[in-house]
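Asker: Listed below are the residues making up each chain.
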Amino acid sequence: MAVDRRTVGVFGAAFVLRLLLICLFPSLPDLLTGRVEVSTPVNSFKRLQEGLYLYTRNVSPYDGGVFHQAPLLLPLFSLLPGVQSNPIPTAILYFLVDLVNARALVTISESGQSVQSQLHSAVRKHIRWDGVSVAAWFLFNPFTIATCLARSTSVFTTTGILFAVSNAVTGNSVNAMLALGFASYLSLYPALLFVPLVLLCFDQRLQSANKPPNGIIYGLQHAGILLASIAGLLGLSVLITGNFWEFMSATYGFHLLVPDLTPNVGLWWYFFIEMFDSFREFFLGVFWLHLASYVGGLTMRLRRQPLFVVASLLGVFAIFKPYPSISDASLYFATLPLYRHLFPLMRYTFFAISAILYSSLLGPAFYHLWIYAGSGNANFFYAITLVWSLGLSILLADSIFAAIRDEWEQDHPDAQGTEVKQV
Amino acid sequence: MTVKPGDPVSPLTPASDASKSHTTRTRVPPPETPEAVQTRFRVIAAFWAVIIFLGFPIWWQTTSIYRAHLPIQEMVDWADGKTCRPVYPLEIHVAAPLLQSPESQHLLRTTQHTLDDLNEFAAHHLRLKLTNDTSDSAARVVEDSTSTLRNTAGETPDVVLTVRVLPEEGLATPRSELLAHTTQLDVFYPPSQIPSPSTSNPPLSVFIAQELQRLYGEEKATIAHILSGESAGLDSTSPQLTESISRRLRRSMKYAETYHLSFSLFTPGSVPSSWDIEAAVQEYLSPLLDAFEPISNFTIDTQVQLYATFSPMTPAPIYDETEAAWTLKKEDLSAFINAAEWPLNPSIGNGPTLNFILYVPDPSQSPMVVKENRASSWIVPQWGGVFLLNPPLEKDQSNPAHLSQDSLQSAFMTFSHQLLTLLGTPSTPASLPLRLQTLIRVRAATLLLSASSTMGSLARLTESLPSIPIPANVASSVSTTLSHLSATCSHLRDGRFNAALASARVAENEAERSFFEKTMVGQVYFPDEHKVAVYLPLLGPIGVPLIVGLMKEVKRLLAEWKAKRAAA
Chain A
1 MAVDRRTVGV
11 FGAAFVLRLL
21 LICLFPSLPD
31 LLTGRVEVST
41 PVNSFKRLQE
51 GLYLYTRNVS
61 PYDGGVFHQA
71 PLLLPLFSLL
81 PGVQSNPIPT
91 AILYFLVDLV
101 NARALVTISE
111 SGQSVQSQLH
121 SAVRKHIRWD
131 GVSVAAWFLF
141 NPFTIATCLA
151 RSTSVFTTTG
161 ILFAVSNAVT
171 GNSVNAMLAL
181 GFASYLSLYP
191 ALLFVPLVLL
201 CFDQRLQSAN
211 KPPNGIIYGL
221 QHAGILLASI
231 AGLLGLSVLI
241 TGNFWEFMSA
251 TYGFHLLVPD
261 LTPNVGLWWY
271 FFIEMFDSFR
281 EFFLGVFWLH
291 LASYVGGLTM
301 RLRRQPLFVV
311 ASLLGVFAIF
321 KPYPSISDAS
331 LYFATLPLYR
341 HLFPLMRYTF
351 FAISAILYSS
361 LLGPAFYHLW
371 IYAGSGNANF
381 FYAITLVWSL
391 GLSILLADSI
401 FAAIRDEWEQ
411 DHPDAQGTEV
421 KQV
Chain B
1 MTVKPGDPVS
11 PLTPASDASK
21 SHTTRTRVPP
31 PETPEAVQTR
41 FRVIAAFWAV
51 IIFLGFPIWW
61 QTTSIYRAHL
71 PIQEMVDWAD
81 GKTCRPVYPL
91 EIHVAAPLLQ
101 SPESQHLLRT
111 TQHTLDDLNE
121 FAAHHLRLKL
131 TNDTSDSAAR
141 VVEDSTSTLR
151 NTAGETPDVV
161 LTVRVLPEEG
171 LATPRSELLA
181 HTTQLDVFYP
191 PSQIPSPSTS
201 NPPLSVFIAQ
211 ELQRLYGEEK
221 ATIAHILSGE
231 SAGLDSTSPQ
241 LTESISRRLR
251 RSMKYAETYH
261 LSFSLFTPGS
271 VPSSWDIEAA
281 VQEYLSPLLD
291 AFEPISNFTI
301 DTQVQLYATF
311 SPMTPAPIYD
321 ETEAAWTLKK
331 EDLSAFINAA
341 EWPLNPSIGN
351 GPTLNFILYV
361 PDPSQSPMVV
371 KENRASSWIV
381 PQWGGVFLLN
391 PPLEKDQSNP
401 AHLSQDSLQS
411 AFMTFSHQLL
421 TLLGTPSTPA
431 SLPLRLQTLI
441 RVRAATLLLS
451 ASSTMGSLAR
461 LTESLPSIPI
471 PANVASSVST
481 TLSHLSATCS
491 HLRDGRFNAA
501 LASARVAENE
511 AERSFFEKTM
521 VGQVYFPDEH
531 KVAVYLPLLG
541 PIGVPLIVGL
551 MKEVKRLLAE
561 WKAKRAAA
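Here the protein sequences come in this chain order: A and B.
Residue numbers 1 to 423, in full-length UniProt numbering, belong to the letters of the first sequence in order.
Residue numbers 1 to 568, in full-length UniProt numbering, belong to the letters of the second sequence in order.
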């Protein structure tokens, strides 16, 4: 089968490329692990090692105040041989996780949900890439490769999210909720994807079932499944750590209150360094609400394309979450090729891509100038993270514009190809 | 960003297809479907729901200021001195073992009368009381003069002085003798001058009254000086006394709960490299520090610094043939300490540091003295003291390698004296226990005033800045301060000065803690106008599209409603 051969080729090539990179440059993983663009306090592999060390010595992993990740990662990684002596097995695990993520993307792409769903049918649905190409865009994205080599634990969240989506588009709503529960358990913010995901599942259900279920009951049922899955994972975590409140405050409390202001590619750290202490809590609330407020608006506006809402929210998270890294951007970039048919409608792709390239090249340079050379200051790096966020925002806004335009053209077939004017 | 999720789909104006139709007619954009209008309404409602149901509660919750209740009026009253006028009734026991009871009663009455006539500062007055168990009380006083200082508890007033009136043969006029280590004044009188109950103003009474007045003259002037502020003291105080009091207050350290004493041995050569400092401190200083216990605590550290050179700015000592000594000029003493190179910490731990420097000059420059008066020590106001030690040289013309306890005696006697001066102990009377008692009363007055004025400042601060938070611990500190202030005041009124000082110390501590509360200090420098700068840069850009969207939507709804009414 020709298609299978292509799939094997892409997946095999991605695997071999990663293997070659760590064999040819053995110091590369450790270098990437230390980069602030890749490793944040909530996904750093170094911090995971610290937690693992404490865990294997029967000390609470959160004692040192360094480790802030979900406790269930610990038993998983304690099964692997030590990274210092034998880094290959850990690396292989991460490669496989990447391939699994790519596989989920292939499923999403092949379901055709991005172009043709219950309530929406794209006008240009002939312009699209097949699943293997979408997977290739993900697997050969330098951001994905860097995240994978840096062994950031964000990839597990990515797995959770992609599996939730891929199960939703194939109609396994229960599995989708379980996967989303896993992702939310790991990183908290994916819980915001609940609404569009349930709508996605609901639309699937409408397509397949003769008798449409009650929307509210359906939503409540799935919320129950999601909560149950999170509760189950939390219960397992308590078995591991023993102290419920300690791990809750060290993980989710850390996500919510953002006490560690290590520089990253996001917008929070600089703002909260500068913020007056008495307003800190207020602006934490503002930032989190800002992040959350997009869920309602986007879901309402793009009710007909819940999968696109999920993709756009992933973009919003990559820009506005408290500890973003390039792995979040890579997840967003992974979903964009699903919308190949929107590319002709986008107007600022050149500008957005330039800004992203510019900042991803200059970011490390300015960080070096600030931290190591001492000839720059924090504003250098912060300016670059602003440009990075600007690039992502333009891309995001442009894609949303394209999606809305697409919807509009569907409603007004006579006006296709006309120019738009903002009023 | 030109498109927001909440924006309506941009209506299209068709580009003029000039090449095809050669016309420039404008097509009207197709009307919005009711469905699109409803979607827009929902989107705007979704954003505003988040703002109203989550945003405003968070805003309210996180920016509301907790202001604990403070008794403002009471605090201001304390600062204005309305609540408490400190008074100093000093209880003095008079023992006249060899006088008959009526005679001694009379003596007491007339002496008190004379004292009251002499006294012009009502807040500070001496109350005489007759006691008969003279031998007993005198013995007690002699035995542990320091322990009476520590007697802080108890309901009876502290006995500040015992006057023993004794006859002595062969005296023309009465004479008095103050025992240096006790709180006892012996008055000797010629037996012929036994006051008879008939005389209204016996010379003995006048003598005793004048003696007492002299003993407490300086204290009275000091307290008057403190209570009345810098401006005026008592009219009768001589200018010299005023000058000496203000000089002493200038020289002495600000009051602190704990002082750190740092003893340093500096020498320009390699010897002496050791000293019997521990024994010397134990022997010469500990008794004094113990006596200071009700007033302040002390911590001590010591160091030996070899090869300690003068700074290049210091004028070198000059050899004086007539004196046969190396001399330092008086005006150069301020440059004696090489502050840049000598490791003298400005402050260790909590309290201020008092530095005592023992300088052993090089054998080639020994002996070293101050030129003008051949003194070997001087005091550095509010900082410490210096002593030049010229030990006898060894046979090979070098300094001894070790300074024994005995050789340190003169230095430590001087240091003790300097310490007393630096802590603000008055110079008269001659008895140390009396001087320490005076210091206790003076300190109680200063602490009372400073804690009261801190309360006043705190009250004014919280009044003038309505946006400043007042944490609960500040309120509790304030109430502790106020209760201890009134305890101080009543202790003073009852003449229990040790207890008064103990309360005043607590009050001062709590007052300082409440005034310098960390969360408040930050807010002091944060005026309300700055809030605009805090809120606007982020919330402004976010808020404008939201508000404009809301206004448009409200306008549309109003128009619809009007149209409906018009139709109906």
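Simulated from the structure, these hints should not be mistaken for lab results.
The model shown is predicted, which means the values in this text are computed figures rather than measured ones.
Each residue gets a CB set at the ideal place from its N, CA and C atoms; glycine is no exception.
Any given hint might turn out to be false.
Stated by the list, open to error - With the C-beta cut set under 8 Å, the calculated list includes, among others, these residues of chain B facing chain A:
#1 V43
#2 F47
#3 I58
Asker: Does each hint fit the structure? Answer for all of them.
Answerer: Taking the hints in turn, this is what the structure says about them:
no.: 1; hint: V43; result: 5 Å, holds
no.: 2; hint: F47; result: 5 Å, holds
no.: 3; hint: I58; result: 4 Å, holds
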